[in-house]
Amino acid sequence: MAGMEKSQDWIKGAADDGGLLPCPSLGFAWGLLFPLVALFLWWGGSALGLWSPFLLPSPAAVGRAAWRLSASGELFRHVGASALRIAWGFSLSCLTAFPLGVLLGLRPGLGRLFHPTLEFLRHVPPLALLPMLILWFGIGEASKTAVIVLATFFPVFLNTLDGVSRCDRKLIEVGRSLGLSEGERFRRILFPASLPSVLTGLRLGLGYSWRALIGAELIAASSGLGYLIHDAQALSRSEVIVVAILAMGLLGALTDELFFRLARRLAPWKELHGLGRGN
Amino acid sequence: MAEGIRLQGVSKIYPLAGGEVRALEDLSLFLPRGSFTVVLGRSGSGKTTLLRLLAGLEEPTKGRISLPRNEGGEGKKPAVGLVFQEPRLMPWLTVEENVAFSLKGRLGKEEATARVEAMLALLGLEDFRSAYPDQISGGMAQRVALGRTLAFDPAVVLMDEPLGALDYFTRRRLQGEIAELHRRTGKTFLLVTHDVEEALALGDSIVVLEAGRVADCLDIPVSRPRETGRPEFLPLRRRVLEAIVGGEHPPLS
Ligand SMILES: Nc1ncnc2c1ncn2[C@@H]1O[C@H](COP(=O)(O)OP(=O)(O)OP(=O)(O)O)[C@@H](O)[C@H]1O
Ligand SMILES: [Mg+2]
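Chain order of the listed sequences is A and B. Quick note: the first sequence uses my numbering, first residue 1, plus one each step. Quick note: the second sequence uses my numbering, first residue 280, plus one each step.
For the record, the hints were derived by calculation from the structure and aren't laboratory data.
With a straight-line Cα cutoff of 30 Å, these simulated DSSO-like cross-link-like pairs (lysine-lysine) come out:
hint: 1; chain 1: B; residue 1: K341; chain 2: B; residue 2: K466
hint: 2; chain 1: A; residue 1: K170; chain 2: B; residue 2: K383
hint: 3; chain 1: B; residue 1: K466; chain 2: A; residue 2: K170
hint: 4; chain 1: B; residue 1: K383; chain 2: B; residue 2: K466
hint: 5; chain 1: A; residue 1: K170; chain 2: B; residue 2: K341
hint: 6; chain 1: A; residue 1: K170; chain 2: B; residue 2: K388
hint: 7; chain 1: B; residue 1: K466; chain 2: B; residue 2: K388
All chains, full assembly: derive it from the sequences and hints.
Okay, here's the thing in structure tokens:
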């Protein structure tokens, strides 16, 4: 298999040369450079008393708050509540957005039926609907789920639609010439062909879901990371706010990384086109 | 009635921008089983249309097409395999998986693996089995496409300018390979080309298509591999050119 290794290298080289700016390849650890510098400046500034701890608490205070919130299990309870809402909302959204995207991708004629409605909804920020959603669904979980559904529906739907409608009809014709049934053509040609697009939509949707959810939790909730911030604000506990922000950023980056790895396993051929990392 | 493919009075009319295009007009042909026919014609003469009709991708506007029935009883397997003008490989599958594409769900795992192995060996693709389509050359991609079609063992193999996009040397080599495949499999081959030399090198018979009609039909009773530079090909070449350009072969300078 020596020949194979060579052609793999060749592809990697091609992907590098294709970039507009020559880019040295840096190891993973380099990504920690800026966070560490920021941490150092933060620590130094706090130690020198450059700002009031009320405006920005010291790293040590934040660390203590993180420890306390973790030890009492409170942090995990809030993270769990937020994550559960996202799991629900995101699943629900995928279950509607994906089939609809496939349907409209295959039958563009139906677009006229849905297009005005979808265009309208697309331009209304989900948080603007929150007061109405609370009226309809109550202050409980349902209104938060609805916000996430609204926030994630469009990236998933639009990317699925795009992937399906841009799938090369010539490839589908190959399936026809080989005697594949309509179901097989969907499963074995259309679906894999649009998978990269669908995965992009899912990844974007997952990112949007965090933002929308935190917004909703800030306004009306009794648990979740957004609520934690809201509560800390009322009590002027800025170190708790920083803990919540750090938790959000880390969780978001973590889910995205997991998702990226999943996508790479499901659609390895995309890597070959040099479209690996980045958004 | 002899076995083979029979077309009777086949016409294909496409609607186009308010008018219509007569891609094929009143075509009658017979391709005996196991023969190697080359369809030769200029761009737009209806060659691809003819193959699409035979492959069942289009219905004729008029006329009848009778194909051999599917032998071997492998379920819904079509009797006709088409190699498209472009390779049309699935970019998410490796060479090996592309060749196996038509076998999935039709053959048992072991049998399918054996079939794919044989195909990779036959087409010299073993070293590239795990490469993706954008990692291989155009000639190799065309061979993979051929392998994908041959793998499901169709009784009839249709090839639409399979070598059109390749350089002279690769084309010559693959021409030899196609002739050898025909000899070994004994299948009915129909190859479309616009290259007169390729037609002379490969066909048992050459069907010259001009503006959707059969302009001429000639047999070439010479065994393959052929040396088309030899004198016995001179009158054949003249006749083919006559049918296509009315003998007015444009001089180069
Ligand atoms: N789907 C279609 N709709 C309308 N016209 C078509 C269609 N397909 C083919 N035609 C027309 O039919 C004629 C024959 O086309 P065809 O593709 O069969 O030519 P060809 O001999 O294969 O040419 P080439 O050597 O360039 O591939 C052309 O005039 C073309 O414009
Ligand atoms: Mg053609």
